[in-house]
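Colleague: Chains as they are written, first to last, in the numbering used here: chain E, 1 to 220; chain X, 1 to 397; chain U, 1 to 198.
Where hints are given, some of them may not hold.
Computed cross-link-like contacts, DSSO-like style, restricted to lysine-lysine with a CA-CA straight-line distance of at most 30 Å [to be verified]: (1) 26(U) with 81(E); (2) 17(E) with 109(E); (3) 92(X) with 320(X); (4) 98(X) with 327(X); (5) 371(X) with 98(X); (6) 109(E) with 371(X); (7) 81(E) with 194(X); (8) 113(U) with 151(E); (9) 98(X) with 351(X); (10) 320(X) with 113(U); (11) 327(X) with 151(E); (12) 109(E) with 157(X); (13) 271(X) with 81(E); (14) 324(X) with 351(X); (15) 157(X) with 327(X); (16) 109(E) with 327(X); (17) 155(U) with 26(U); (18) 298(X) with 194(X); (19) 92(X) with 81(E); (20) 194(X) with 109(E); (21) 374(X) with 92(X); (22) 98(X) with 374(X); (23) 113(U) with 324(X); (24) 17(E) with 81(E); (25) 327(X) with 81(E); (26) 351(X) with 17(E); (27) 374(X) with 271(X); (28) 98(X) with 17(E); (29) 113(U) with 92(X); (30) 151(E) with 351(X); (31) 271(X) with 371(X); (32) 327(X) with 298(X); (33) 324(X) with 92(X); (34) 298(X) with 109(E); (35) 327(X) with 113(U); (36) 92(X) with 351(X); (37) 324(X) with 81(E); (38) 81(E) with 351(X); (39) 351(X) with 113(U); (40) 17(E) with 92(X).
No lab work stands behind these hints, which were simulated from the structure alone.
If you're wondering where the values come from, they're calculated on a predicted model, not measured in any experiment.
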Amino acid sequence: MTSAAPAGSELQAPSSKLDNAAIAERVIAAHPTVAARSSDNGQPYLLVPPAEIVRVATLLRDDAALRFDSLMDLTGWDLSKYPATPPSSDLVVAYFLHSLAHRHHLTVKVQVPREAAEVPTVSGVWAVANYFEREVWDLLGVRFAEHPNLKRIMTPDDWIGHPLRKDYAYPQSYNGVAHLREGQRFEPPPAPKPAAAAPPAAPPAPRPPPPASGGGAAAP
Amino acid sequence: MSSDLAIESAGGERMRINMGPHHPATHGVLRLIVECDGEIVSSATPDHGYLHRSIEKIGECVEWPMFVPYTDRVDYVCAMNANLAYCVAVEKLLATDKTTAVQVPRRAEVIRVIVAELNRISSHLVAVGAMSMDLGAYTPFLHGIAQREGVNDIFEKLCGQRLTYNYITIGGVGFDLHTGAVEEIESFLAQFEKEMIRFNKLITTNTIFRDRCAGIAVISAAEAVAYGLVGPNLRGSGVDWDIRRDEPYGIYGELGVRVPVGQGYAGRTGKVGDCYDRFIVRLLEINESVRLIRAALKLLPPAAEKPADPVGGFQADVAKALRKPPKGEIRVRTEAPRGEMGYVIVSDGTKTPYRVRCRTGSFTACSIFNKLMKGIFLADIVTVIGSFDIVVPEIDR
Amino acid sequence: MTEIIKPGNDEQVFTTTVDEFLAWGKENSLFYLLFATACCGIELMQTGGPRYDVDRLGMIPRATPRQADLMIIAGTITHKMASRVRTLWEQMTEPRWVVSMGSCANSGGPFSKYSYSVLNGVDKYIPVDVYIPGCPPRPEALIDGVMALRERVRKYRTVGIRDKDPHVVQGADCAFGSHPGKASSLELGASSPQGPKA
Ligand code: SF4
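The shape of chain E in the complex, shown without the other chains (with noise of 0.2 Å):
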């Protein structure tokens, strides 16, 4: 009882694959501000505007030879401890798209400011984002406008920062209870040489003081 295709399901249609450079020339096509670029080690993307990406969006998944009819990833990272040439401190959002009519994928990313870190929603284009989104926001702190539910999802609502932005500061309590044991010293995790001055993107606001018990916690 295998692999027999259920009627009237075009997701199984015959696969008509295009490769990257097909992909990024039709898509260029259509929206000219869109740059074909390849990552360090030969990855290639497509690099999208912030304000173009619905539409950008929508284009790969409407149009007959793309059909990336799902998201399989979206994620995110900070790009200011990254040896990048030149040095940035933007952060970086990324989406992983698969299709499953023509067995093809595409990454596209968008580079935003941390200051102001914005970019549109997907979530009308592809169900899924709105989760991938809302944890993007909760550990990036990359704000999705016009997003249903923007909440965080990961964390408790009451958190501060962003944690998977480089220069987080770890909390030194939550809820009143010293995040670290009695006599237990924090490390700092290795730190990678730092190539651009990154300001810090939102001022952290003020702890409740870690009661006495709150060994020596320190900010990396």
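Use these hints to put chains X and U with the ligand onto chain E, whose structure you have.
Modeller: Just chains X and U with the ligand, lined up with the frame of chain E:
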């Protein structure tokens, strides 16, 4: 969250029920805020993060091989598959530069498939057992657990752990198979197949169980794709997609994976993509895993091929490559029991990863909960949660 | 204090204290709360399974804290979860016992160093009787911990004079794991965690 929903009294009063984070049927610490009108659910909002252990941040703090034990904890029900996903991703990253590319020994590749499929069996056993337990049948669960012990025994001899194995390493596996492992695995499979017949008699063909699952929470193929469902949940909706077959990694390409899909197995009342289909797809995948293990055992090269390895493990020498991996990024997807486990790895060329991102099946499965649970009975919520086989650390990481 | 009296016929009569009698009953019916957060929970589940079968020790899982005597903290407790654990503990009836299973619940385990969200030891929120090390502890280790707990339950006095601080296992009599520090529920003070916000 549901607190901003207006409570309207349309012939009755809405009630808000807090389900979890401590609830035996939520498989851990998932919290659902359920609003219902009588017995009909009008909304169910999942609340996550009760097990958010910052594994992705830890990935930025520890060295490349040191992260492998943490992948065990991303999904402990199938820790081997979780190890495998990360190790394959790092190997692919190293392969983007000729100077750092590593060649995994052939025997290690075969062992990887064997242990991954064994772990898939034991993971699916927990899934189907726990689902039947949620529906009130405790005995099938015990049968599942008893069989899982068989897999655990094999793994314990193999690597010394019952749950968090840390066995698959970057470039190979930690140790060679122990003496007598092949016979042990074969005899386990033989008695396991018999036991599954008993299990199926007990629960799968049970009318009460089937009727409670049939036609509940039907997901169409297009919906499943839009909500990013993966793995058995996606295949339960009739989408024929399995990364092991369609984008093979390791030696899966040689094994010819057969992919079961949902077909409305519950019969008259069943629809493609209902809870029963997801349940059956898991059972069929167990059968397929048994077949794959047998096929892989045939491919196992003799132990004499074992390379002389400086660290005593059964793996390619990656120490030098991991001190200076190529700068850049990679995205790799593998098929874990709960669907795609994909890693996005960004490397800045140092001995610690710059960013490790793990995409898991349970996280996206939760995104469809609210939509799916509108209009079903309160008692069916546990059926739906059980049929998705969510594991909470996979959601929260 | 228990004595066997032979009143003459074949019947045997025990005399004992009420306390000892109650403790004997409690010791042999440690109903535990079915509470698992993470990986250790799977081992807890397997301990309840057919091979290790803790039913034979009188341990039966209960779904609600109000029926449970024992809470086995199986798994990582995060900052977000901690106040819920406290709520659950408060809902259990006295006398209540807590076993902290696994490194995570003991001290944060593998996450204590680099994690921002994991509570480094559940004893910051609730008092713990027995700490079981391991990541995860084997079912045998869990059963060993439970046997040590039964020892404590046997010594517990309901109506007589109680231990001053019945909830701290001193390092010496805790052969299966070191005691990482005094239970610190008193530190909670004014900022004691609230129940779940609806
Ligand atoms: S102690 Fe280890 S096995 Fe137990 S919950 Fe923590 S990480 Fe998981």
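Colleague: Does residue 17(E) lie within 30 Å of residue 351(X) when you go C-alpha to C-alpha?
Modeller: With Cα atoms ~36 Å apart, residue 351(X) and residue 17(E) exceed 30 Å; violated.
Colleague: Against the 30 Å threshold, does the CA-CA distance of residue 320(X) and residue 113(U) hold or violate the hint?
Modeller: Holds, because 26 Å separates the two Cα atoms, which is no more than 30 Å.
Colleague: With the threshold set at 30 Å, check whether the alpha-carbon distance from residue 327(X) to residue 151(E) stays at or below it.
Modeller: violated (33 Å)
Colleague: Straight-line Cα separation of residue 155(U) and residue 26(U) no greater than 30 Å?
Modeller: Roughly 11 Å separates the two Cα atoms, so the pair holds.
Colleague: Given the proposed pairing of residue 113(U) with residue 151(E), does the C-alpha separation stay at or below 30 Å?
Modeller: Answer holds: residue 113(U) to residue 151(E) is near 27 Å, not above 30 Å.
Colleague: For the pair supplied as a hint, residue 371(X) and residue 98(X), is the alpha-carbon distance within the 30 Å limit?
Modeller: Violated - the C-alpha atoms of residue 98(X) and residue 371(X) are around 47 Å apart, more than 30 Å.
Colleague: For the pair we were handed, residue 17(E) and residue 92(X), check the Cα-Cα distance against 30 Å.
Modeller: The given pair, whose Cα atoms are some 22 Å apart, holds under the 30 Å limit.
Colleague: Checking one constraint from the list: CA of residue 374(X) to CA of residue 92(X), max 30 Å. Satisfied?
Modeller: With Cα atoms ~42 Å apart, residue 374(X) and residue 92(X) exceed 30 Å; violated.
Colleague: Is the straight-line distance between the alpha-carbon of residue 109(E) and that of residue 157(X) 30 Å or less?
Modeller: Not satisfied, since the Cα-Cα distance of roughly 45 Å exceeds 30 Å.
Colleague: Below or equal to 30 Å on CA atoms is what counts here, so check residue 324(X) against residue 92(X).
Modeller: Holds, at roughly 15 Å.
Colleague: Tell me if the straight-line CA distance from residue 109(E) to residue 371(X) falls inside 30 Å.
Modeller: holds (29 Å)
Colleague: Under the criterion that the straight-line Cα-Cα distance not exceed 30 Å, is the pair residue 298(X), residue 194(X) satisfied?
Modeller: holds (22 Å)
The structure fails hints 1, 5, 7, 11, 12, 13, 15, 20, 21, 22, 24, 26, 30, 32 and 34 (numbered hints given earlier, in ascending order).
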